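A.B. asks: Residue numbers (the numbering used here), protein chains in the order written: chain S, 1 to 590; chain D, 591 to 1171.
A few of these clues could be false.
Stated by the list, open to error - List of simulated lysine to any residue pairs, SDA-like, C-alpha gap at most 25 angstroms:
hint	chain 1	residue 1	chain 2	residue 2
1	S	Lys-426	S	Phe-363
2	D	Lys-1039	D	Asp-1152
3	S	Lys-584	D	Asp-1081
4	D	Lys-773	D	Phe-650
5	S	Lys-244	S	Ile-281
6	S	Lys-584	D	Lys-953
7	D	Lys-989	D	Phe-976
8	D	Lys-784	D	Glu-902
9	S	Lys-426	D	Arg-689
10	S	Lys-522	D	Gln-801
11	D	Lys-798	D	Lys-648
12	D	Lys-798	S	Ile-103
13	S	Lys-123	D	Lys-785
14	D	Lys-773	D	Gly-754
15	S	Lys-244	D	Arg-689
16	D	Lys-1039	S	Glu-575
17	S	Lys-426	D	Arg-782
18	D	Lys-648	S	Ile-281
19	S	Lys-21	D	Phe-976
20	D	Lys-1038	S	Glu-207
21	S	Lys-426	S	Ile-460
22	D	Lys-1100	S	Asp-572
23	D	Lys-914	D	Lys-785
24	D	Lys-1038	S	Glu-575
25	D	Lys-1100	S	Phe-363
26	S	Lys-429	D	His-835
27	S	Lys-65	D	Ala-1150
28	S	Lys-123	D	Ile-707
29	D	Lys-961	S	Ala-519
30	S	Lys-106	D	Arg-782
31	D	Lys-696	D	Asp-915
32	S	Lys-566	S	Ile-281
33	D	Lys-638	S	Asn-513
34	S	Lys-65	D	Tyr-869
35	S	Lys-123	S	Glu-207
36	D	Lys-1030	S	Gly-567
What the hints assert, rightly or not - Here's a subset of chain S near chain D, in silico, CB distances under 7 angstroms, partners left out:
hint	residue
37	Thr-83
38	Leu-87
39	Val-101
40	Ile-103
Read the hints as simulated data drawn from the structure, not as lab findings.
On a predicted model such as this, the values are computed, not experimentally measured, just so you know.
Ideal placement from N, C-alpha and C gives every residue a C-beta, glycine not left out.
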Amino acid sequence: MKDEKKKESIFKRLTPYVGQKGYMLYLAMALSAVSGVMLLMPMVFIHKIVSSIVLSGVVEATLVKGNAIYAAIFAGAGLFLYTIALLLSHLFAFEVEENIVKISVKQLIDKPLGYFSNRESGKIRNIIVDGAAQTHSFLAHQLPDIAMTMIAPVVLLIFFFVFDWRLGLASAVPVLLGLGLIAGMMDKKTKKLRDEYFSGLANLSAETVEYVRGIPVVKTFAQSVESFERLYSLIIDSKETVMKMTMGYKNKMSLFEAASSSTAFFLVPAALLIIAEGGDIRQVLGNTVIYLLIGPAFGTFIMRSATISQYTYFASLAIDKIDDILDYKDLSYGQRDNPQDGIEFKNVSFSYEEEQVLQGVSFKVSKGEIVALVGPSGGGKTTIARLAARFYDVDEGEILLGGVNIQEYGKEALMQRVAFVFQNSKLFKMSLKDNLLIGNPNATETDIERALIHSGSKEIVEPLEQGLDTMYGTKGTYFSGGEAQRLAIARAFLKDADYIILDEATAFADPENEQIIQASFKKLSHHKTTLMIAHRLSTVVGADRILVVSGGQIAEEGNHEELLKKGGIYKDLWEEYQRAVNWKLGGQNG
Amino acid sequence: MLSLIYSVNNIISILGKYKKSVRLGYLAALLESFMAFTPYMVLFYIVKVGLERAYEMKDFYLVAAAMFLSVFLRALFKRWQDKLQQDKGYYAFSDNRLRLTDHLAKLNMGYYTEGNIGNFSSVVTTDIVFIEEYASSQMGIAVSSTTNLITSVLFLFFFDYRLGIVYVLLLALALYGIDCLVKAMKRNVDVRQKKFADLSSGVISFIKGMQTVKAFNMQRERSTILESEIEKTQESSLDLVRDVHRAILFFNVFSALPVALMVVFVSYWMIQGSFDLAYGIGFIVSSFVMFMPVMLMGNAAEVLSVSGAAIERYKEMMSIEEMKDHRDTSFQIDKMNICFQDVSFAYEDKEVLKNIHLEIKEKTFTALVGKSGSGKSTIANLIVRFWDVEKGEILIDGKNIKEIPQEELLSNISMVFQNVYLFHDTVFNNIAFGNTDATKEEVIEAAKKARCHDFIMALEKGYDAIIGEGGATLSGGEKQRISIARAILKDAKLILLDEATAGIDPENEKYIQEAIEELVKSKTLIVIAHRFSTIQNADKIVFLEDGEIVEEGSSEELLALDGKYKRQYDFYRKISASDES
């Protein structure tokens, strides 16, 4: 299905993005085709002037004037139309570029969150924005030329045989030669070299990025840059490929250029032959002159069609990439709202791509209970939290929210009832107040005040000159990771959801922030159904229940004291944690 | 025209030792243009003969010979020009890549910030490739076109000075058209680049905020905001399109008008009788060809203006000052006694360190403490010369570090920081990077000490597993331990450690701590500390605030002082106490 789509023409593939300005496309192409014909017309008038002079041996003022004026009118009108065509194609291209970005972004919004957690935002952006730009330059510059390149050779071909077919044939020889050479240029060997060259360039880019990123490491290990042998040999290799390519491909290119502009080379002898065979000297002369103009023009159009097909290829490649990155199964939602009661995992299994992460996990978080997930990284606790927030759907088993399958809830209902605070909470480029109101647009001043106090954000906002009206992201108003996290928690307070999913992730916060964040987490989960991932075991001590997740399964379950008494994985984790917190560096030699 | 010459010179300026050959290419281009005109000379001859008398066989031979020679020589000269300019252009860019990579390796490491790395990468890949792919071929076209025009001028003056004058005047008009076009293009390139950057950052912040957007069910609001941002950036494009197309129309008219005018002038003179009929016809026909180069130059101008921007970025990067390195001095670090003497340092106008005096004796343990922004990381960065100090000096074993060869300096220091970069290479090579002479046993030994061995053996291909894309994925803590194994193998005298490293992956904390213990045995150790418990054994704790050392001494001494350190310490104790409750 997908491959079929890729074989469709570039125009069909662009249809979804064309919007209401599709007429511009057709108008631009029509205008450019008409202008292509008009720009060739002066040749006819020049031919009239020249043959009249040659035939009669005198210059007829009125005839010259009349034809010269026509030639000028056609050329002028042709150029004007062509410019209009370009203008339209540019406008159209901007529209399409805009639509590609808009439509892709709209599709992104419907992707489940899991989509974003294993794709780099930079990569998504590159593919969409660069792809749109690439399509833009194809539409703006190549599009009008396509119409012209299609129609002009037809007109020229007619010209070839209208004036004198024998001379026409003679001037067709270099054109055919040129075509032959172009075909020869695309022979397997050169094509292979070209492919080699381009893949070499791609490798070179990748290797260079690695190099640039690696330089600090290289330097700290006092290695010379030559340790990047691969990069060096790639640079040398690409030089050699280019050398081979220039020998194979460029020689032919010069020949092609010479051939396609060598109309006179074939035309003149042919003319002389015709005359020698008894043709009318003056008529032949007049026609010869005109073929000298037509011949080279043909060559230019052949050349142009080669570049156009290259650009078309690039544009469809860009669209392919956009389609590929947006190709992801959307989640489907039901109609239910207002869940009551707790969260329950029933025999849940889940895998990321090939890797099985959870196997038959079952547990229940009763209403108002705080349950903490602990365990080694890679054990599956983050996945459990993500599934509970419906980043992904389970492969097997089911997740129940208030006794009903999570998939049956409406999207809005789900998002309103469940609050999650994960690492990398994002503040938007708007006032702090608006940032907080995201949590609940109807919150009052007192609500906000309370949320600020509970989340420990009050002392972040207070020193700011404009307080809550400060625009986030403007000069000087960036916050540290810990501070941003506190404001994000304030937002969660305002939301006042029934279910709370927390990823503690305070690893990067400094001790002061850590303390505040932990305290506010405690307040946030008060009387709420809470599922939290704990990295620092200190946080879980107060949890109603602790689930030790290991190897994709729940290995132990109980509260802090029970688990310690049990003497299993949790006890080991706890002891290790105690040791780590009290680690004194340099104990052995200090 | 001027702008075109400027663009061509701009390209030539980065061609290094190939400049000469590119200049010789001008001659080849000129010869090629002569050959391009030969068929028209022949045409003149035929028309003239045809109008005067009947053709003879010798005309045929002459014409055939002239034609054959001109086509043959033209192809030859064309190839010669390409060889001199385009091919050499490829070689020159290959050299430029090497030069740029060398240059990048010689910059102050402080330049290697996340943002700069992005810039560097885009110049090295996108910009250079663009210049390579387009600039040299377009340069060829610009040069050929110019020589064609010169030949036309010569040709016309040779036949009829009036024609020459008219042509030169008309040419001036057409070239003015090109200048207008180039200027509009330049405006276009700048505006478009800015728009593009705006659009990109809009989209990326949208994607990055997606989790929050969804969590608070604000898809509609955010997408409306982004959409209006997209529309706003695109709105300005309408002005831009109009601006450029005015220039294009202008250019088209100015490059086509001369053809018509030439025809008019020649016809007028022929009617007057002051111009030979044969030549008149010849000129009417060749007037099309004589202005063709102007069109080509117009097309080349567009590409050249884009590559001009790329070349500017390349040059800008090449002009960043390289770090001075005294490779020739044979100084060797023996003990690793470090001394800061009245060191001040500012980063982009912001003073980060003020008059720092600090002595670090060999094989001691020094801890740097302070809030983020207090300058504790800067002290570590200055020792490894991420930046050079502006005021005061840093001495190692009594020698100013600026005078110690960089290789000597760095081979004696190991840094274990939060951001670990592992190469897209095997696990083994990533560890062996610490010491390329190491044997396999030594590498494995280091991996064992750094508590890496077990998880490496659990990988499908063990030490031969490739790290990164398409290979083994490692957790933050595992990467950290590999970087420690690397440092253990390196066995440097000074260890700079960012303690946050240890907390990168709480579950792995224990292993990382054990690995660090192995690493720092009998070394000079400087730790950027976050947790107070970690550094209780330090010989010296340096407490920084706003770029100044406010307290200094062992933990006991500082506690006895009852100052700022004590207050922080108590606060930390409180947190730990609540941890253990």
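A.B. asks: Go through the numbered hints given earlier and state which of them the structure violates, listing their numbers in rising order.
C.D. replies: 1, 2, 4, 5, 9, 11, 14, 17, 19, 20, 23, 25, 26, 27, 32, 33, 36 and 40
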